[in-house]
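From first to last, the protein sequence lines are chains H and Z. Everything in the first sequence is counted per my numbering, starting at 1 for the first residue and increasing by one. Everything in the second sequence is counted per my numbering, starting at 1001 for the first residue and increasing by one.
Derived from the structure by calculation, the hints contain no laboratory data. Honestly, I wouldn't trust all of these hints.
[Claimed, not checked] As a list, the in silico BS3-like pairs of lysine-lysine whose alpha-carbon atoms are at most 25 angstroms apart:
(1) Z:LYS1249 / H:LYS69
(2) Z:LYS1248 / H:LYS61
(3) H:LYS60 / Z:LYS1429
(4) Z:LYS1103 / Z:LYS1285
(5) Z:LYS1429 / H:LYS61
(6) Z:LYS1248 / Z:LYS1103
(7) Z:LYS1496 / H:LYS60
As the structure is a prediction and not an experimental result, all values here were calculated from the model.
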Amino acid sequence: MIRTQSIIYLFLCILGAIYLVGGLSLPMGTVNQPGAGFFPTLVSVLILCLSVSAFVLSRKKPTTTGERKPVFPQGQDRRRVIALTLAILSFVVFLKPLGYCICSAGLMGATLRLLGLRSWVRIVIIAVLTALISYYFFVLILDLPLPIGSLLF
Amino acid sequence: METFNGLAYGFSVAFTGPNILACFLGVLVGTIVGVLPGIGPIGAMALLIPSTYSLGPTSALIMLCGIFYGAMYGGSTTSILINVPGEAASVVTAIDGYKMARKGRAGAALAVSAAGSFVAGTIGLVGLMFFAPPLASLALEFGPPEYFSLTLLGLIFLSRIGSSSALKSFLMVALGLLLGTVGMDLISGVPRFTLGYLELGQGIELVPVAMGLYGIGEVLMIAERITGIPDLIKVKFCELFPTSAEWKKAFPPMIRGGALGFFLGLIPGPAAIISTFAAYSLEKKLSKHPEDFGQGAIEGVSGPESANNSATAGSMVPLLALGIPFAPPTALLLGALTIHGVQPGPLLMTQHPEIFWGVVASMYIGNAVLLILNLPLVGIFASILRLPQHILMGLILLLCLVGTYSINNSFLDIYILLTMGVVGYILRKLDFDMAPLILAVVLGPILEKTLRQSLYYARGDAWAILGRPVTAVLLFIGFTAIVFPPLVRRLRRAHKEGSVHS
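Kindly generate the complete structure, drawing on both the sequences and the hints.
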């Protein structure tokens, strides 16, 4: 836990530094007439101070047995989380070329399979039905302009 | 008299077809998300903001408010029946509620919790009606320095009260402020941190951030540990009547919880959650049999359940009277109003009385509807838990993705949603509280605008800001909230070490 937290604090230090550079490149103005870069610079200094303090404190803190346990899941559980994230990413990437129906059926199918449904027949039926009903609801009832893709649905 | 005229006008607004329907849908969805562990009121409100675009601002706010307070009612059902709180504000209810259910008094616990929610919700609404108008009149005198100090105080309080450490909460605030600076500078029009994307010129939308952190983040957490369908304790309608002795014990905590919750709702922070713990401690202290608490004491159900409902009404006061949200759900309400072109604040009651009084009246109606929904139909709501998790999570994912896309028809928003989802998952795993981040995204632009206006106004004279009494008091409270707790901790430690040595 502590090691992972230290990495996060370090990441925030770097983010704060990049943000500071970005803030300083904007018009700063004066104290009486602050410009666009004034507030971002203040915030970046705040992020830097807080993340450096948190990083130093996390390194000083003695590690207890409970804190040595891994923060993120291992083995099968980890694979499931990564696979679901990739399924969502695939939905976003393929939404424009393939259209909403195919992508939503794919995402629903992947979610059902990853979260424990074993029967492929049921997965296909639920995924296709969800895609069609949600398409009808979002596009035909709510009139949302969802991408239709090259297959025109 | 003016208040009652306003309320009568509010009822005439709330009793129109679209507003009644919005109120019913809101409280129904609120009850469902309250029952379902995982997706809480914040996630549900974020999910449904895009669906309110076709509604008017009054109907939209009525529906979203319905979700907010409806979730407080529904949350107790699973706490009592299966010992799994539907949302964070019902954690305390599970302590004695589930024990009562194990003793065969589930019906009484559910009835007391619904009745307490109704009584306290009404107390909270009366408070909202009488507190908000004078506060709004007072706020008309406020200038940028007062708004700056009030916003800053809100962020400081939220960081101090949140569930994670103060340092972690302050980091979340800073991260939220960072996200709030992306986009065109409001005063000079200079693009900031847009990375060349024109769409980012409008800034980062609140909806993908909230949906990502609370919706996608929660789905990823659930994907980690697959659980089966829980065993439910069945409750028959005839069992929903507490005995007269139980009523006698449960009624005073409802009143006390209602008053306590309302005042805690006025303070920045997750008031609905804090009020339940405060009400539980209060009832335990006042009880002649504190040893019964934790063993199925009915006061341990009615006090906290009442407090969380009136806290929701209390937290509406700063939003509607000052235009400043002090809790994440009210931040989403502000976001929704802004999308509809309405700016909440001291002028809301005079410029848009239909919104203020319509929402207040709808909350009275919603409370009555919730009482009806949550007593006879409790079995139906509890059976929602039998819906397989994989189907529910798939539907939530689709709603998040389509809802985000439909705001601006922008793929960039969906990428932001996914990124925030992964960030939300990591933050949960590392015990970071996300409420300060969400609130800072909303309050950041207000903080920046009022700070810069205050500096223009002061022209280098610090006394022009610090000499204003309201600003001075608020800044002093904020300073004390930062400095005092660690100082007290250090003094206590020194005192303890001293007594050990001696």
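Query - Hints that the structure is at odds with (numbers, increasing) - result: 1 and 2
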